[in-house]
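*Asks:* Each chain, letter by letter, is given below.
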Amino acid sequence: MRLWLALLMALAAFAPLGAGAQDRLTLDGDLDVRWVHATGEPSFMNGGMGILRFDPAHEGLELGRAFLAPTWRIGDIVSLHAVLDTYGDHNRNPVDLSELYLSVRPFPTGPVSFRARVGAFYMPVSLENRGIGWTDVYSITPSAVNSWIGEEFRTIGAEMEARWLGASSGYLGDFALIGAAYGWNDPAGALLAERGFTLSDRPSTLFGYLGSPPIGFYHEIDRRPGYYGGLTWRHHDRLEIRALRYDNRADPTASTQSGFYAWRTRFSSFGARLEPDAHWTFIAQSLDGDTAVGGDDGAQFYMRFRAAFALASYEWGRQRLTGRYDEFHTHQLSGFFGPPRSQDGHAWTIAWTYDLGEHWQFLSEWLRAVSNFPPRLALDEPLMQTQTQLQLGARYHFKAGW
Amino acid sequence: MDQRNRLFVPRLLVVAVGSSVQFPNNDSVSHQVYSFSPAKHFQLPLYKGEIHPPVVFDQPGLVVLGCNIHDSMVGYIYVTPAPYFGSTDAHGALILKDLPKGDYQIVIWSPYIADAPATLTRLVRVEGTGSQAERFQLKLGLRDEPEPKPRRENWDY
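Residue numbers (our numbering), protein chains in the order written: chain A, 1 to 402; chain U, 1 to 157.
It should be emphasised that the hints constitute simulated quantities derived from the structure, not laboratory data.
Some clues are possibly wrong.
As the list claims (entries may be wrong) - Computed spacing ranges between beta-carbons, pair by pair:
(1) A/I241 / U/A116: 27 to 35 Å
(2) A/A278 / U/A114: 20 to 28 Å
(3) U/A116 / A/R245: 48 to 56 Å
Said to hold, decoys possible - Partner residues are not named here, just some residues of chain A that face chain U (Cβ under 8 Å, in silico):
(4) R105
(5) L172
(6) D237
(7) Q332
(8) S334
Positions of the beta carbon are idealized from the N, C-alpha and C atoms, including for glycine.
Using the sequences plus the hints, can you model the full thing?
*Replies:* Structural data, given as structure tokens:
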């Protein structure tokens, strides 16, 4: 609590520096504090099988997130981006990096422009998380699809993009092909297999742990790089379509002495965001894939999974109202004894945000998730559980430049 | 040609050949304006708090502007050799005053006009007294023009 107050005061002291600066170094930051009321079983964050971030033992005043996002413009086409996060939970690092990468964007000299990112960053999948620091701009909690992307995935490697810019040909939109090669994402899939999909705005950080028991994520185990390839199409600044194929190419028989296993995880993701006018936004996104660990000797753990959501959001003046429906399924087909770790669930989210000037935003969100998960039998709990979470939040944003 | 809320303001600017155009940046973020149109190739980083020289447009033609940081920003500078020109108002009207008597060719252009360009030129004779009106009726109407949405500070994730 004292840490938050110190941070808030530090942020408030920074804020007036914004004007008239040169923008060689810019610093964005958020402090997001919530009042939370939750019902249902203990959260996965606290050793339970609940799929929401908070639970009845962790409600009241909570730190949603505090981050600092410096951008250093090294030259006209090269910049260094970092996001430094704290969530005030069980993470072993009180403050940790979420992203750190170099961005190279040469000026276009023709209709096709080439760009690259090198470092650790989010892959271009989510159509919700478009705020600074990968913040969801439509609600507090991202969909199950993008909660999982935030929890288990960071591209630690290099990404190239070739983008055809339509404007010079009279077409208002562009089309991009994106490809990346990366390492250190071999454990991706372990968390999904352990506890299914969640709805949580608590992404992992690069060096920290998540949840209880704590899980770390970014390890290179088999020395085999993974890849993803995708395309985005932006039509008339109203419609954006994204497709991506991800394969970490992990060797499912590989593990480290410290107990990290390589999970062979693959998925396809499709999404569309339609903004027909100045008020409405509609998003639909789906993800479908599988993960496996262990040798192919009959004891391999193999799971298929799919999740999707549909969202409608209406923005007027300083306000935004969003409704979202999520559906998510995992299906364990082989491996391990005990009840299958197969999950079936759905969730409804309603969020309302209000921008109070440049720095402050008020947020509120109601979320109800219903999930069926056989491993709950081991805790003598009903297989089917309903959880609700009500959050009222205040977010302070500041920007400074030098 | 200003930039506000991640939009070019105005979206379309008509200038005479040889004009120099200032690119102030009245936005809360930096921009990197470029064009690779045949009429003018240029790259102009517009960092906040820095002063930038104007850009001279010395070839006639259409210059399509983009921003290397914000892909959705599109602007147009139409560089014309015509002695009389302007932009229409919200009602589609343009008034040219004090035209000397003579024969003129009217050419109209907009990035959103779908009609064939040949149907949008007309020869007219200006008699030199009083006012004279020419009316162009678009057959296909304007192309579906995306209403630019002032963007919050989104990052391209």
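*Asks:* If a hint holds in the structure, say so; if it does not, say that too.
*Replies:* Right, here's what the structure says about each hint:
1. A beta carbon spacing of about 30 Å between A/I241 and U/A116 agrees with the range 27 to 35 Å that was offered as a hint.
2. Taking 20 to 28 Å as the suggested C-beta distance range, the pair A/A278 and U/A114 conforms, at roughly 23 Å.
3. Evaluation of the 48 to 56 Å hint for U/A116 and A/R245 yields a failure: the beta carbon distance comes to about 42 Å.
4. A cut of 8 Å between beta carbons decides the hint on A/R105: the least distance to chain U is about 6 Å, and the hint holds.
5. With its C-beta approaching chain U no nearer than about 6 Å, A/L172 sits inside the 8 Å limit, and its interface hint holds.
6. Contact between A/D237 and chain U, as hinted, is supported at the beta carbon level, the nearest pair being about 4 Å apart and thus within 8 Å.
7. Because the smallest distance between the Cβ of A/Q332 and any Cβ of chain U comes to about 31 Å, over 8 Å, the interface hint for this residue is violated.
8. The closest approach between the C-beta of A/S334 and any C-beta of chain U is roughly 35 Å, which is over the 8 Å cut-off, so the hint fails.
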